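Engineer: If you're matching them up, the sequences are chains C and L in order.
Just so you know, we're using this note's numbering here: the first sequence kicks off at 730 and counts up by one.
Just so you know, we're using this note's numbering here: the second sequence kicks off at 730 and counts up by one.
Heads up, a few of these hints could be off.
Copies of the same chain are indistinguishable here, so a pair counts whether it falls within one copy or spans any two.
Unchecked claim - Below, computed lysine to any residue pairings styled on SDA-like, alpha-carbon distance capped at 25 Å:
1) 914 <-> 1069
2) 970 <-> 999
3) 970 <-> 1081
4) 970 <-> 1006
5) 970 <-> 810
6) 970 <-> 852
7) 914 <-> 792
8) 970 <-> 1003
9) 970 <-> 801
10) 914 <-> 1128
Because the hints were derived from the structure by calculation, they are not lab data.
No experiment lies behind these values; they were computed from the predicted model shown.
Spelled out, the chains give:
Number of protein chains: 2
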Amino acid sequence: MTQRQWRVAVAGLGTVGAGLVDLISRRPAFAPAGTPVQITAVSARSRSRPRPADISTLPWFDDPVAMAASPDNDIFVELIGGSDGPAKAAVEAALRAGKAVVTANKALIAEHGRELAVLAEANGAPLLFEAAVMGGTPAVKMLREAMVGDEVISVAGILNGTSNYILSEMETSGRGFAEVLAEAKQLGYAEADPSFDVGGIDAAHKISILAALAFGCAPAYAVAEIEGIENIELLDIRLAKDLGYRIKLLASAVRVGDGVSVRVNPALTPLDHPLARTGGALNALFIEGRGIGRIFIQGPGAGAGPTAAAVAADIADVITGALRPVFQRPAGSLATLTPLDPAHAVGRAYLRLIVRDQPGVIAAVSETLAESGVSIDSFLQKSGEDTGRVPIVLTTHTVAAEVLEQAVRRMAALPALLEAPRLIRIAPI
Amino acid sequence: MTQRQWRVAVAGLGTVGAGLVDLISRRPAFAPAGTPVQITAVSARSRSRPRPADISTLPWFDDPVAMAASPDNDIFVELIGGSDGPAKAAVEAALRAGKAVVTANKALIAEHGRELAVLAEANGAPLLFEAAVMGGTPAVKMLREAMVGDEVISVAGILNGTSNYILSEMETSGRGFAEVLAEAKQLGYAEADPSFDVGGIDAAHKISILAALAFGCAPAYAVAEIEGIENIELLDIRLAKDLGYRIKLLASAVRVGDGVSVRVNPALTPLDHPLARTGGALNALFIEGRGIGRIFIQGPGAGAGPTAAAVAADIADVITGALRPVFQRPAGSLATLTPLDPAHAVGRAYLRLIVRDQPGVIAAVSETLAESGVSIDSFLQKSGEDTGRVPIVLTTHTVAAEVLEQAVRRMAALPALLEAPRLIRIAPI
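Okay, chain C solo, but in the shape it has when bound (with noise of 0.2 Å):
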């Protein structure tokens, strides 16, 4: 750790990287330990394209695997994005090179980080991911570090920016999901394919991050439960809040026996409570340990300054000379996830259906689930204003996944049912 100075790669240069240019450009010495940190190599797309950041006097590459080989830099940092392609490619030459690398690549390490940890540690280079998940708000170096003296029971929170603009939006400004993502699109506050953020993959590579970090074992993307906010309606956020609860996307890692449930779904919290208080694009994470107990995060979950300054404190953490296995073990060790069989999880749950109003369908709604072994804890039925159509909204005590599905299967085939039954799960929080 004596060197003259850190050598800093940049692959990518969209918000985030030219917003971490300009704070090393700014602050060159802002790692407590150490020597400056310079960034001595970018590679982008288009060299030319306009940008926040002046990048004209630094050296160039147009390939991002070739810069991370290269000899001239200590430091890789990867802000190319997507699980494959040109990122896994540098982060791999990097890594394979013992250069330390830092990247914000959520899918990258979701999807592949046991064999990413395997890479670096054979090489004794630090793979380091802070922005990965939170942007600035280090849910990463807690569980990673502040949580090793306790076992971790579960990690549960808002992880979607955006999707958690879009329900707040829906429910202050009465508008359907569909014109609320359009305008989102507009503002730039969604993507032009918003399917990762909206359908929960987003969400889903993040808490397979933080499950790997809180449960010792690989990142298991492919395994985790992802149910998005798409077929959230308006009807369901109003008749939430009439039962003292608002809608959230939620992503959630449980330690359950010998098996973990990792999953990203809508999820009825209740008002008063800090997740349910998580407006607009913030984040938020509970982490419960054995322990310790609950500790309760809250910030900023994305954008250029806090994700540029997560990328920073990595590369602080990198000039310490700090060796940390990736994920909680060697990655030799590293557990491999068991799933919880999802049939087999239980909860409390909203169910929503639209019945024909005549005589005997409260009856028959109730009666179908009394038959199914569903208790139902609270009953509420709308006015149906003389459409015809009239909303029953019921929540129910703890039940088995497969218990419920299977009664909403016979509630569907009830004839005085309009619509096809909605179900949303209540947090267990």
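Guided by the hints, dock chain L onto chain C, whose structure is given.
Structural biologist: This is chain L only, laid out in the frame that chain C set:
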């Protein structure tokens, strides 16, 4: 970092020390990087006192300083407490021996942080103190490591669980300060001498440490402005609630121009603010960075489990081999904190008066404020219920502390006043 095992000496075997002995004996391989940890020496005031952990087989030292200097251990854990005396002597001896020191001692770090940092860095010895602030909630790690890429503007929060518990209990039970404190002592929630907690000294130690990490200066406990909760009356808790606020003991460190305001004081927080919603013995902290924005963390601030886990996390950090300055800069270049002149502090305030029930009093009060240049935001007169004593409560717009204090002095001289005016700040959040 290729040792056979890490040998840890623990001085102080209260609940935290016993918790640590228990944690390490159950999970000697808790540190993800490196070899197992073993407790190889212990010291406390009494060897025979009953403890939740078995120490009978552990090598015993009567003198913690001799244990700290002994070559038979690598990491010295100081859990004795107190800013001076054996705790300081033992930490100094360990650092002089080039040994890593982990401590939960906020008084020691807040009052002697600079000289200990100089000693640590001169001997190449890490000095870590995560457990000194917010117990198991990693406030120190966040400021020391996660914020290095950003410029911290302020840190503010609830850092003393005992005071927070007493304020919460006064509100929910409708009992006065003295009664709730007496009960808290009986239940073991407050020390026999509670003045460190309810007098704001403990919170001031903690915010001094966080200020040093946030602003790259030496801890400056001596310049902190401190006001405790001893004079908070149930009446004020109730009147504040009528106005939409909850009274909390707020610890804050804020950059203002070239100076820093470091203070602990009771403050009104809006009822729906996360700090107002931090009840019981919880701790909570806002960290605001220029690039990152605001991060909020909340969790248990004390207790054997959380605090022992924080000590264990520091031990794991030592094992990674990370070398960082003790505060954000090398000890020799730590800035001296320039305190803001409290007379120039500006903010909003709550003012409560008890006046004689007679005509013209409100006019006299509002004239006095107007003449002093204090602008009123809201005004509430409660019924005197035939006691002849009428509470008047008002909130001000932003005003300089010296202007407000002058107004209060003039007000105190009004013939209709039956008690000294009660002034409480409104949190600038």
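Engineer: Please go over all the hints and tell whether each is borne out by the structure.
Structural biologist: Structure-based check of each hint:
1. 914 <-> 1069: neither (36 Å within a copy, 46 Å between copies)
2. 970 <-> 999: both (9 Å within a copy, 23 Å between copies)
3. 970 <-> 1081: within (13 Å within a copy, 38 Å between copies)
4. 970 <-> 1006: both (13 Å within a copy, 21 Å between copies)
5. 970 <-> 810: Intra 37 Å, inter 49 Å, cutoff 25 Å: neither.
6. 970 <-> 852: Classified as neither; 53 Å inside a copy, 60 Å across copies.
7. 914 <-> 792: neither (31 Å within a copy, 67 Å between copies)
8. 970 <-> 1003: For residue 970 and residue 1003, the Cα distance is within 25 Å both inside one copy (15 Å) and across copies (21 Å).
9. 970 <-> 801: neither (58 Å within a copy, 62 Å between copies)
10. 914 <-> 1128: Neither: 38 Å inside a copy, 43 Å across copies.
Consistency with the previously given hints fails for numbers 1, 5, 6, 7, 9 and 10, ordered from lowest to highest.
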